[in-house]
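**Q** Protein chains in written order, with my numbering: chain A, 13 to 404; chain B, 62 to 257.
A portion of the hints provided could be inaccurate.
Here are the computed lysine-lysine pairs in the DSBU-like style, where the Cα-Cα straight-line distance is at most 35 Å [as the list claims (entries may be wrong)]:
1. B:K211 / A:K399
2. A:K323 / B:K97
3. A:K306 / A:K399
4. A:K315 / A:K93
5. B:K239 / B:K193
6. B:K97 / B:K211
7. A:K290 / A:K270
8. B:K193 / A:K368
9. A:K290 / A:K323
Ranges of calculated distance between the beta carbons of each label pair, as one might list FRET restraints [said to hold, decoys possible]:
10. B:D201 / A:R346: 28 to 38 Å
11. B:D201 / A:Y273: 47 to 57 Å
12. B:A134 / A:S291: 31 to 41 Å
I should point out that these hints are in silico values taken from the structure, not numbers from a laboratory.
In this text, a Cβ means the ideal position worked out from N, Cα and C, and glycines have one as well.
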Amino acid sequence: MTASSTGEVFPPTHSVGLVEPQVCQFNQPLHLASGSVLQDWQLMIETYGELNTDASNAVLICHALSGNHHAAGYHSEDDTKPGWWDAYIGPGKPIDTQHFFVVSLNNLGGCHGSTGPSSIDPATGQPFGPDFPVLTVSDWVDSQALLADRLGIQQWAAIVGGSLGGMQVLEWSLRYPQRLRHAVVVASSPKLSAQNIAFNEVARQAIMSDPEFCDGRYQEADVIPRHGVALARMVGHITYLSEHSMGEKFGRDLRTDKLNYGFGIDFEVESYLRYQGKSFSERFDANTYLLMTKALDYFDPAKTFDGDLVKALAPIQCRFLVVSFSTDWRFSPRHSEELVNALTAAQKRVSYARIKSPHGHDAFLIPDERYEAVFTAFMQRAAQEIKQGEAS
Amino acid sequence: MRQDLTIIANWVEPNSRVLDLACGDGELLHYLEENKGVVGYGLEIDAEQITACIARGVDVLEQDLNRGLSNFANSSYDTVIMTQALQVLRRQDLALDEMLRVGQEAIVTFPNFAHWTNRFYLSWKGQMPMSKTLPHQWYDTPNIHLFTFKDFEALCHKKGLKILDRAVGDFAYKSHWKARLWPNLFGEVAIYRIGR
Numbered sequence: 013m014t015a016s017s018t019g020e021v022f023p024p025t026h027s028v029g030l031v032e033p034q035v036c037q038f039n040q041p042l043h044l045a046s047g048s049v050l051q052d053w054q055l056m057i058e059t060y061g062e063l064n065t066d067a068s069n070a071v072l073i074c075h076a077l078s079g080n081h082h083a084a085g086y087h088s089e090d091d092t093k094p095g096w097w098d099a100y101i102g103p104g105k106p107i108d109t110q111h112f113f114v115v116s117l118n119n120l121g122g123c124h125g126s127t128g129p130s131s132i133d134p135a136t137g138q139p140f141g142p143d144f145p146v147l148t149v150s151d152w153v154d155s156q157a158l159l160a161d162r163l164g165i166q167q168w169a170a171i172v173g174g175s176l177g178g179m180q181v182l183e184w185s186l187r188y189p190q191r192l193r194h195a196v197v198v199a200s201s202p203k204l205s206a207q208n209i210a211f212n213e214v215a216r217q218a219i220m221s222d223p224e225f226c227d228g229r230y231q232e233a234d235v236i237p238r239h240g241v242a243l244a245r246m247v248g249h250i251t252y253l254s255e256h257s258m259g260e261k262f263g264r265d266l267r268t269d270k271l272n273y274g275f276g277i278d279f280e281v282e283s284y285l286r287y288q289g290k291s292f293s294e295r296f297d298a299n300t301y302l303l304m305t306k307a308l309d310y311f312d313p314a315k316t317f318d319g320d321l322v323k324a325l326a327p328i329q330c331r332f333l334v335v336s337f338s339t340d341w342r343f344s345p346r347h348s349e350e351l352v353n354a355l356t357a358a359q360k361r362v363s364y365a366r367i368k369s370p371h372g373h374d375a376f377l378i379p380d381e382r383y384e385a386v387f388t389a390f391m392q393r394a395a396q397e398i399k400q401g402e403a404s
Numbered sequence: 062m063r064q065d066l067t068i069i070a071n072w073v074e075p076n077s078r079v080l081d082l083a084c085g086d087g088e089l090l091h092y093l094e095e096n097k098g099v100v101g102y103g104l105e106i107d108a109e110q111i112t113a114c115i116a117r118g119v120d121v122l123e124q125d126l127n128r129g130l131s132n133f134a135n136s137s138y139d140t141v142i143m144t145q146a147l148q149v150l151r152r153q154d155l156a157l158d159e160m161l162r163v164g165q166e167a168i169v170t171f172p173n174f175a176h177w178t179n180r181f182y183l184s185w186k187g188q189m190p191m192s193k194t195l196p197h198q199w200y201d202t203p204n205i206h207l208f209t210f211k212d213f214e215a216l217c218h219k220k221g222l223k224i225l226d227r228a229v230g231d232f233a234y235k236s237h238w239k240a241r242l243w244p245n246l247f248g249e250v251a252i253y254r255i256g257r
């Protein structure tokens with residue numbers, strides 16, 4: 013431990029501390045649901061904790077729409093913020109790195125180091141841009157399975173994810189049922205509702221109607237469709253919060269002490285949204301945003317079973333923990349309960365908790381006593397099984 | 062294990078499918094899974110109890126029983142159990158209907174309001190009875206529908222439900238000759254197994 017310039021001790025307690033991303037290069041074709049094939053591709057990953065000798069303690073983290081491989085810890089002592097799920101990953105936290113070897117990756121199509129639209133297409137020497145194939149949740153899971161092979165992990169102790177990440181967890185349990193023992197699906201859904209798809213479409217239209225989008229070839233034109241991406245993020249952000257949490261945070265507070273009688277910023281909430289949109293547009297690729305929202309829209313494992321989710325869930329072998337949040341209206345508890353009811357009808361092992369939280373969809377990222385307790389209890393069972401397996 | 066749970070465990074068929082309504086910390090389901098090869102889920106609404114279930118490896122679903130069991134199909138379980146919770150529900154008659162729609166059989170336990178101590182308490186003190194089985198004040202009790210063995214059996218009769226088994230005892234579910242002879246007067250708690 014060292015003391016930083018601010019005088020605080022680094023790393024904070026219960027942190028995985030300094031972490032370093034690494035690149036996994038794959039020179040094997042990945043056949044995608046769209047019919048396209050990715051020949052050479054790479055995944056950016058981070059790992060926390062130690063893999064045990066029989067590789068039975070591995071936990072995979074699947075990220076949501078705008079997430080990436082940096083789920084926990086710090087890249088440097090000067091980082092102001094840790095990884096996006098640091099509240100839940102680390103020594104003594106629900107995903108306890110004293111027991112588990114945690115793998116977190118940036119999904120294919122992402123913009124944080126894994127092969128995606130902003131990568132160079134070897135065929136043309138130019139960025140893929142809009143030519144990057146549209147990916148599905150099952151494509152991601154296939155690429156993650158190859159990553160597991162690479163890391164020597166035959167079976168995950170658990171696969172965990174919130175929102176779009178939860179969809180990947182569900183897809184794993186259907187596509188590779190023998191390759192995981194526990195599944196944690198948080199604030200997610202077995203399929204999007206029309207309203208959800210509609211929000212995604214507004215986000216896509218915001219991006220595509222930005223003149224600087226250049227039909228997706230903005231990199232070659234050396235511009236960024238920042239207004240479109242910012243607008244997409246602003247819409248998304250509203251749906252991740254609850255009316256209550258926005259009210260608590262901003263109320264009708266004014267930026268200055270009077271109304272301006274113009275169309276600039278009057279209210280704090282406007283300023284906040286503009287800031288969120290702007291900072292997001294500077295770090296997130298527009299084509300990746302389009303691609304991720306499409307993967308969300310397409311996900312529907314029941315589709316090939318005439319909409320019968322119970323039938324679709326037949327292959328499942330792992331135990332599930334499903335968690336929803338009371339004020340989440342983007343992936344409301346009803347979505348989680350649809351999955352839970354199908355799991356019980358299919359006679360699969362599942363526990364379900366509906367957490368009271370004021371934070372809307374974002375609750376899955378925010379510390380909460382009850383959420384942590386339920387999550388910890390489930391993960392501790394998974395850890396106990398590993399110990400029993402080692403002892404026998 | 063609690064005496065009532067031991068009796069219930071004896072009534073549950075090995076390797077059957079069980080739904081335990083208001084399952085508490087999952088003690089009964091855990092016992093049934095470990096010792097009788099039973100599979101099933103507990104339903105619970107209390108946050109701490111739900112965590113306790115998960116910690117001991119019992120599958121538990123957060124669900125308000127007052128909203129019924131519409132998410133479970135007809136005859137999808139062998140036995141639907143409810144221990145010491147019937148009296149806290151809004152509509153016991155509908156709860157019994159739901160239990161026997163989802164399960165082939167139902168097992169319920171509840172305190173007998175006609176137990177002699179309650180009668181004595183009410184008639185002599187003129188106040189709502191309090192006891193080990195009814196520890197709450199009238200204003201903060203979760204037991205919003207108290208009833209007697211006779212009431213329950215009358216309801217079963219009215220609904221055409223069969224009472225397949227009954228065990229009557231004191232607070233610790235110990236049987237006594239008086240309770241066997243005059244259950245509605247000397248029985249403190251009862252366990253009923255009912256079917257259609």
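**Q** Does K290 of chain A pair with K323 of chain A here, judged by a C-alpha cut-off of 35 Å?
**A** Outside the cut-off at roughly 44 Å; violated.
**Q** Keeping to a limit of 35 Å between CA atoms, is the pair of K290 of chain A and K270 of chain A held or broken?
**A** Answer holds: K290 of chain A to K270 of chain A is near 25 Å, not above 35 Å.
**Q** Honestly, do D201 of chain B and Y273 of chain A meet the 47 to 57 Å range at C-beta?
**A** holds, 54 Å
**Q** Below or equal to 35 Å on CA atoms is what counts here, so check K97 of chain B against K211 of chain B.
**A** holds, 32 Å
**Q** Is it true that the CA of K211 of chain B sits at most 35 Å from the CA of K399 of chain A?
**A** violated, 52 Å
**Q** Would the pair K315 of chain A and K93 of chain A pass a check requiring their Cα atoms to be no farther apart than 35 Å?
**A** Outside the cut-off at roughly 40 Å; violated.
**Q** Just to be careful, I want the Cα atoms of K239 of chain B and K193 of chain B compared with a cutoff of 35 Å; is the pair within it?
**A** holds, 19 Å
**Q** Decide if the proposed pair is consistent with the structure: K306 of chain A and K399 of chain A, CA atoms, cutoff 35 Å inclusive.
**A** Given pair K306 of chain A, K399 of chain A is violated - Cα atoms ~40 Å apart, limit 35 Å.
**Q** Has the given pair, K323 of chain A with K97 of chain B, been kept, meaning a C-alpha gap of at most 35 Å?
**A** Holds: K323 of chain A and K97 of chain B sit about 28 Å apart, inside 35 Å.
**Q** Would you check the hint for K193 of chain B and K368 of chain A, treating anything up to 35 Å between C-alpha atoms as holding?
**A** Holds, at about 32 Å.
**Q** A134 of chain B and S291 of chain A, beta-carbon distance inside 31 to 41 Å?
**A** violated, 49 Å
**Q** That 28 to 38 Å hint for D201 of chain B and R346 of chain A (C-beta), does it hold up?
**A** holds, 32 Å
In this structure, the hints that do not hold are numbers 1, 3, 4, 9, 12, in rising order.
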